[in-house]
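Starting from the given sequences, assemble the full structure and let the hints guide the process.
Going by this note's numbering, the sequence shown opens with residue 300, and the numbers climb by one from there.
Please keep in mind that the hints were generated in silico from the structure rather than gathered at the bench.
Incorrect hints may appear among the rest.
Here are the computed distance ranges between Cβ atoms for each label pair [to be verified]:
{"hint": "1", "residue 1": "321", "residue 2": "408", "range": "34 to 42 Å"}
{"hint": "2", "residue 1": "409", "residue 2": "321", "range": "39 to 47 Å"}
{"hint": "3", "residue 1": "316", "residue 2": "399", "range": "24 to 32 Å"}
{"hint": "4", "residue 1": "321", "residue 2": "343", "range": "19 to 27 Å"}
{"hint": "5", "residue 1": "346", "residue 2": "407", "range": "37 to 45 Å"}
{"hint": "6", "residue 1": "390", "residue 2": "345", "range": "27 to 35 Å"}
{"hint": "7", "residue 1": "368", "residue 2": "319", "range": "29 to 37 Å"}
{"hint": "8", "residue 1": "359", "residue 2": "321", "range": "31 to 39 Å"}
{"hint": "9", "residue 1": "318", "residue 2": "388", "range": "28 to 36 Å"}
For every residue, glycine included, the Cβ atom is placed at its ideal position computed from N, Cα and C.
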Amino acid sequence: GMRLLAGLLAGQAFDCTLIGDESLSGRPMRRVTGPLSQMGARIDTQDDGTPPLHVHGGQTLHGIDFASPVASAQIKSAVLLAGLYAQGETRVVEPHPTRDYTERMLSAFG
Numbered sequence: 300g301m302r303l304l305a306g307l308l309a310g311q312a313f314d315c316t317l318i319g320d321e322s323l324s325g326r327p328m329r330r331v332t333g334p335l336s337q338m339g340a341r342i343d344t345q346d347d348g349t350p351p352l353h354v355h356g357g358q359t360l361h362g363i364d365f366a367s368p369v370a371s372a373q374i375k376s377a378v379l380l381a382g383l384y385a386q387g388e389t390r391v392v393e394p395h396p397t398r399d400y401t402e403r404m405l406s407a408f409g
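Following this line, the structure appears as structure tokens:
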């Protein structure tokens with residue numbers, strides 16, 4: 300949830316902060332915030348890369364060609380969702396196929 304929301308919120312005009320329970324607050328988010336930052340997003344985390352995530356709105360996003368170092372549907376989906384708000388094309392290459400729910404949903408939306 301938080302990783303997907305980070306991608307969706309990266310292209311919005313407003314600031315927001317994503318927080319989680321104790322378990323989620325200990326999980327690293329750099330695999331998501333890294334590519335989103337490459338796109339032009341401004342997302343602050345704790346010093347160790349964990350939540351809360353403060354997403355600064357109003358940033359101009361740019362499409363990227365992202366070669367994911369790990370097979371992760373969440374990372375792929377976050378980048379694709381941010382790509383909806385980006386100037387230019389966004390492409391994600393995975394080392395192995397992952398769930399394709401986001402691609403199917405986006406295709407259904409046209």
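Index of numbered hints that the structure contradicts, given in increasing order: Number 7 - this is the single hint that the structure violates.
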